[in-house]
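With these hints in hand, go ahead and build the complete structure from the sequences.
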Amino acid sequence: MKRCLVVFLACAAAARAQEEPERISRAYDIRFLTQEVENFKGPAVGLDEVAGGDGAYGSEDENGPAPVTGEFLVAAITTNFDEDSWSDERNTLQYDSGVLYVTQTKENHEKIQKYIDMLRRRFSRRIIVEAEVLLLAPEAFAASGALPGLLTAEQDKALHDAAADPARGRLLTLLRAVAMNGQRVFAADLSEKSYVRDYDVEIAQDQAIADPCQGNLVTGAVLDVRPILANDLGTVLMDTRFKLARPRGIAPFDPATATLGTLELPSHDVLRTRTTLSIPLGRSVLLCAGPIAGEKDWLGAVLLRPTLTGQSGTDETASTEKRQMRMFDVSSLTAGVKDFPGPSLEMSGGYDGADPSTSFSPPQDEGSSLSPEQLIEAIQDNVAPESWKNARNRLSIMGDQIVVVQSPAVLEEIAKFIAVAAPARNRIIGVETVFVAMDDAAWNARRASLSGASPAEEGLKDLLAAALKGGGTRILTSARGVCMSDQRFHVWAGGEFAYVQDYDVEIAEKAAASDPVIGLLTTGCVLDIRPTLAGDGKRLHLELRPAYNASPGPETFDPKAVNIGKLHKIRASIFAVQAQMYVTDGAWALAGVATSGAGGKRETLAMVVRARSMEVK
Amino acid sequence: MKRTLTFFLAVACTAAAEEKSLMHMYNVSALTVKITNFRGRELGFGGLSDGSDMGAIGIGTSGGEEEGTAIPGEDLKLLISQNVAVGTWDSPPHSIEYYNGSLIVVHTPAVHELVKKFLEVLRSRAYKTVIIEADVVELAPGVLETAAGTVLTEEQLKAVDAAASDPARGRRLATLRACGLNTQRFNASARGQESHVRDYDIEIAQHAAIADPVIGIAETGYTLDVLPTVSLDESLILLTARFSCGESVAMREFQPGGTYLGTIEQPDQAAARTRTTLVIPAGKSAVLSSAGYSGTAKGWAQVVILRASIAGEASLPFPAAAKPVQCRLLDTRAILTRAPDFPGPRLGGIHVGEGSSGPTTTFVPPESETGVLVTPEQLETMIKQNVTAGAWLEREGEVAIALTGNQQLIVCHEAVVLAQVEALLGRLMASRSRIVSVDSWVVALDPTAWRERRTALSGEIAEAAWAELLDAAAKGNGARVVGRASAAGLNGTRFHTARGVMHSLVMDHDVEIAESASSLDPVGGVVAEGISLDVTPASVGDSGQIQLDLRPTVVIGGEPKEFLLKDKLGKVQGTSLADFGVRTQMLVDAGKPALVGIGSREDGGKSEVLLMFVKATIIDVK
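First to last, the sequence lines map onto chains A and B. In case it helps, numbering that gives the first Met the number 0 puts the first sequence at residues 0 to 616. In case it helps, numbering that gives the first Met the number 0 puts the second sequence at residues 0 to 621.
I should point out that these hints are in silico values taken from the structure, not numbers from a laboratory. From the three backbone atoms N, C-alpha and C, an ideal C-beta is built for every residue, glycine too. Hints are supplied without guarantee of correctness; some may be wrong.
As the list claims (entries may be wrong) - With a cut-off of at most 30 Å between alpha-carbon atoms, the simulated DSS-like pairs for lysine-lysine come out as follows:
1. Lys570/B / Lys537/A
2. Lys33/B / Lys565/A
3. Lys616/A / Lys40/A
Unchecked claim - Between beta-carbon pairs, the in silico distance windows are:
4. Leu156/B / Lys616/A: 42 to 52 Å
5. Thr261/A / Leu564/B: 35 to 45 Å
6. Asp557/A / Glu154/B: 42 to 52 Å
7. Gly404/B / Gln373/A: 20 to 30 Å
8. Asp509/B / Glu37/A: 55 to 65 Å
9. Lys116/B / Asp164/A: 52 to 62 Å
In structure tokens:
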């Protein structure tokens, strides 16, 4: 009996040795997956350079995280594929500098290859964002029925038809940017022109010399976006920075001093927005619209359309293990929505000694979205809460992903949980504001209908209709834009011009000279607003900081002081409202009224606003 | 900054939650919205970059903004848990949490329905926008003879409208409309800005000097800057109003002379300013201020009329509670809100030295911000002592009063007691709605007219004597009204109104000297002429007497004149001023004029006696 058993074991061992699968060593190049994502910030356009704008051409933003880490891949492969086999020292897995070195059976190599292919497919998706900048006659724009936000196919067609008809509009430019999920990219169509921006003055005994400073006026259009794909691959959440700068001219200016030569002072027209919005893939949105000063009363309208490209296929991990590791992209839920305060239209400086150069307020707030930690807590509280007591089931964070080790059934539940959470950012808000000016007769005629607690919307519509016709009532300017709920964003439709605002002086023994100080004045209309859904489905709360500034342009003034050149006098007329109010969703509301007497012309100015929320689908 | 993921997890959690208990996330971001206070741009007397407004809110913060909260999230959570399914919230899995503009509630479907209804009620009460409109008109004497602070009748408003459209009797200068939330400071403005060379700094070295032009910005226009606080029953609005305006009169060019200096541009501006806290019934109009002085065209007065309204849906009643003790959020901010003191301007000639911030220093800085105030603790004591006295202590733990983070009260008691508390708060609000209107006149009499009226105007002034004086002044019979200013404010608070013209002048030169080089360095200044009424009135019980703490001023200025400094061929400017002011405290009878000060002036060999009168009126705003 004992002898038989020994013979049996010996035969079994021999058979196993013959069936022992072949082990293969292989290196997988996964640099594509483990490289950091580079972010590219759009270039400064217009006079941003003078104003200390937001970066030189092609400058880089801080890099984003890599799609996956090598450590994750090692953990995912050993968890998901023949987990027990990895305890055999002959099976090895090592990550080094973007390469996975694996020794395993042929069968497991095939599984690993498929898994890596799946990850490549998943992260090779690209989001294409196209922007079309149209210039449209106001009648054509109104006839299209387009409002800021999602466009219907009919509205989209009507806008394009108008742009194709020279009598009603034209296409100014077309931009297309391509980004990885979560990557900041830009597309720019620019032209540059150098000019004598300023002089620095060097002085010594009996001598003074002006050192010319070259400026570079960059005009054109820049689309700077960071799209984040939602889990359902149906929508993108997108930080969007768009600026169109059109040159108006570069005016020579002779300060008429012995030291200084001719200065060149540029001016340009601007349509700019900075916002975040959620867009269904393949749909068009009206990102912003506003008048472009150099184009009579025609409106610039920016249409945005994101699409998805890349290899399709399932995101499934083909694992048969009882406990698997899977990652879930939650970036669209955890990404913060930034605040984008608008530029100041105030002429600063003067008594307090500050430079009157206009500069933009930097974003004040990065937003504080749901953090990955909070999301993990919510998952643990709501999906198989008891199971998390087992330490082998775990959740962790990897960049914009959360990584889960759980049973397949629970992983499916988590996927469902995150999927239904995805519509979290399913509403965007389009905002329109119109500044209307009325002469005394027109104001007196409308005073009753525009006064009191809640002027009827019909009265406001009538005001806008009358303003389109002209006469005693006219539209000063308007701006339209779109954003997320509770986000501060802005649209600026106006212009900027440089002027000689002051002189500094340099002095030495037997020599004195003046050094020009170049100022910038920002004009036009700034829609700076934070709309918030009121939660009752019918109202919105608006935090308003809109402003309008008109300036007739610089006038030359000679102070007639020794060695001091001519400079510019600036006159500006500003109408500003700062307030918070509740408005009915989709209805016009009167946000402010003020009488302006600037420039000797008395007019009553009214600002009307309309905010409309819409579902992103 | 909250970033609410609206409805986030709502459906997800519904699927995942335990049987019968559902999790739902309620978007309450607009209920708990941050209230941003926006300080208006000061114009006219205040000038640019004015840091002198030490009002209670919006000071010392970047961009003039600071934030409060409509209803703090934790208070909202407390309010719901104390009104809906009371006593069930501590039993798992039921819970209510506030996070970043969202209420995350886990409870049964029936309770969720109650929560929804309760939120609807709160929304109907909270989603109100306060609208403040201002009409700035210039009116001929006699068009609107009513005390500041008085609620205007429809007839009076029509009369003002009619006069404003009749060039012989008045004109509308400006209309302003601003809207904001209850307890928010907000503003609307239309302004003009003009850059100008206002001064020169001098740089000097051996054998050389150069004048460095200093650029200023003259700002004109109108600013309405208000902070409304609505009473509990929404019938009254306590309004802290800051109105200012500046109108460009001229931009003069002045050649200061000297070897190196160039042209200086000097703005002259007509300015007006009122700062006060008053009470206006919702939907009604009241006079904020009225001021005119001898420099005003035709002797007309600039009158500012404010209208306050509330927009929003009708407030829903709270649903009937299942338990006798209910909790209510009672808006007591109109009672508890501090009314700041607003010291008035110092008119006259002001030098602007080197390093100064310019002619913005016209006003004496505020001395006090206290005003009259009921503290939350006093209010709580009042309620406990006046409504079911003693019961609060006996039933401690069952009934309670709590102050929220933004000065509202949460009162938990039976419905009948809550009604009594509301009634008490109504009486307290009525008490706070007492405002005092103060009128001031400066009348100039020639010596003969003064001698004739001296006896009648000293001591108690008879109604007939007063009427006769005003009549004589209107006709120019030995008397004229040099200035008149009236404003109204909360009983016990300091407020002011001022109107005048500001002239920029080069009042002096400093000198700079080096080897073989020297230069004059101009020193700018401002002359402000006009009238200022700065007063703290306090009504004394029910005696019909009012104590006035008075600081009124009238400055009558002449045209700026140039003086040549012969040794350096430079020039300075100057002007002659008649500065007549009173600093006193006195007790006056309500509604009766009183003589508070006498002065005299010589003008071109002609002398006149200046008399300052005040009349204070108590107005109980309803």
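30 Å limit on alpha-carbon distance, applied to hinted pair Lys616/A and Lys40/A: holds (29 Å)
Range hint 55 to 65 Å: satisfied by the CB atoms of Asp509/B and Glu37/A? Given range 55 to 65 Å: holds, Cβ gap about 58 Å.
Starting from the range 52 to 62 Å, see whether the pair Lys116/B and Asp164/A falls in it by beta-carbon distance. holds (54 Å)
I want to verify a distance hint. Is the separation of the beta carbons of Leu156/B and Lys616/A within 42 to 52 Å? Since Leu156/B and Lys616/A have Cβ atoms about 51 Å apart, the given range 42 to 52 Å holds.
Does Lys33/B pair with Lys565/A here, judged by a C-alpha cut-off of 30 Å? violated (48 Å)
Does the beta carbon distance between Asp557/A and Glu154/B stay inside 42 to 52 Å, or does it fall outside? violated (57 Å)
Within 30 Å, alpha carbon to alpha carbon, are Lys570/B and Lys537/A? violated (67 Å)
Taking 35 to 45 Å as the stated bounds, is the beta-carbon spacing between Thr261/A and Leu564/B within them? Since the Cβ atoms of Thr261/A and Leu564/B sit about 38 Å apart, the hinted range of 35 to 45 Å holds.
Measuring from beta carbon to beta carbon, are Gly404/B and Gln373/A in 20 to 30 Å? holds (24 Å)
Violated hints for the displayed structure, listed by number in ascending order: 1, 2, 6.
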